[in-house]
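**Student:** Turn these sequences into a full structure, and let the hints guide you.
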Amino acid sequence: MKSFSSNIPNLMMMVRPKSFGFNHQTAESNSFQNQSVSENVNELAQQEFDQMVAKIAANNIELKVFDDIEPGLPDSVFPNNWISHIPNRAIVIYPMLTENRKKEVRSDIINWVKSQLRLEEQIDLRDSSLILEGTGSIVFDHLNKIAFAAISPRTSITLLNQLCQKIGYRSVSFESVDLKGGQIYHTNVMMSVGERFAIVCLESVPDIIERTMLKKELEEVGKEIIEISYAQMNAFAGNALEVCSTQAASYFLMSKTAENCLSENQKSAIEQYAKILSFDISTIEKVGGGSVRCMLAGFFNYPK
55 MKSFSSNIPN LMMMVRPKSF GFNHQTAESN SFQNQSVSEN VNELAQQEFD
105 QMVAKIAANN IELKVFDDIE PGLPDSVFPN NWISHIPNRA IVIYPMLTEN
155 RKKEVRSDII NWVKSQLRLE EQIDLRDSSL ILEGTGSIVF DHLNKIAFAA
205 ISPRTSITLL NQLCQKIGYR SVSFESVDLK GGQIYHTNVM MSVGERFAIV
255 CLESVPDIIE RTMLKKELEE VGKEIIEISY AQMNAFAGNA LEVCSTQAAS
305 YFLMSKTAEN CLSENQKSAI EQYAKILSFD ISTIEKVGGG SVRCMLAGFF
355 NYPK
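So the number in the working numbering is just where the residue sits in the sequence shown, counting from 1, plus 54.
Derived from the structure by calculation, the hints contain no laboratory data. Heads up, a few of these hints could be off.
[Unchecked claim] Taking lysine-lysine pairs in the DSSO-like style, the calculated list, with each CA pair at most 27 Å apart, reads:
| id | residue 1 | residue 2 |
| --- | --- | --- |
| 1 | Lys340 | Lys157 |
| 2 | Lys72 | Lys109 |
| 3 | Lys321 | Lys269 |
| 4 | Lys118 | Lys340 |
| 5 | Lys72 | Lys340 |
| 6 | Lys310 | Lys234 |
**Tutor:** Here it is as structure tokens:
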């Protein structure tokens, strides 16, 4: 069994969508979203969601699924943005950019997480006027107590630094942009940090000093860097998550779109550390502008 200090969550939480669709409120800052021409987009998203849940369960990865209970929340399928777990420390609740995303926060889910993890401490950042959208905005390396973040309308570096001061982490911030020069809306689109490796689109960091710093930070804590291109980032190859099963096996969860865009060398490099487990969530990706990592809130429920 992996130690409690592991960087890999072993308890997943997902929210089954009730009103999935194009979110007009978030579209300005998320260039990955696309309008859907399908009238049954929510039903298609639910089918993809259910297939993903079944495959996760079949691979002995502990998972809790909540049904969305409030209509009119097109992005509720992405719960990682409003809740996260700092291992052996606290649950963090985050301030979201748009009004319909603020409504996703649920006390029943928070209470369930606390009971599962036997945690009392809760850090609620929603009193701030600043925005920080959970493990979308922050890619944590809990093993080394580092918080990586790309500045954007959804990621306040000021609030990130305040959180890091509270939890005893060190922040590493930079700017990441798309091919048109617009800021990448969430850090977890361009990078993923596992226990011993990191997927990162270094070419999306235009400042050479920041790019060199990011690469050095990852290398100095012993991560093998598996670099992805802009095209692969746009196919959500960076929006993936390493998790631990009940059998202590490591899996790297990503979409079929992401897996299909990787080279054989890249896949071999990943599978030195974790087995790739992929899911067809093309509707959720195309319309919602988020992929597998966004759909998973990960918690660390290792024996103390």
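**Student:** None of the hints should be skipped; say for each whether it holds.
**Tutor:** Do the hints match the structure? See the list:
1. Lys340 - Lys157: holds, 23 Å
2. Lys72 - Lys109: holds, 21 Å
3. Lys321 - Lys269: It holds: about 20 Å lies between the C-alpha atoms, which stays within 27 Å.
4. Lys118 - Lys340: Distance ~25 Å between Lys118 and Lys340 Cα, so the pair holds.
5. Lys72 - Lys340: Distance ~17 Å between Lys72 and Lys340 Cα, so the pair holds.
6. Lys310 - Lys234: holds, 26 Å
Checked against the numbered hints given earlier, this structure breaks none of them.
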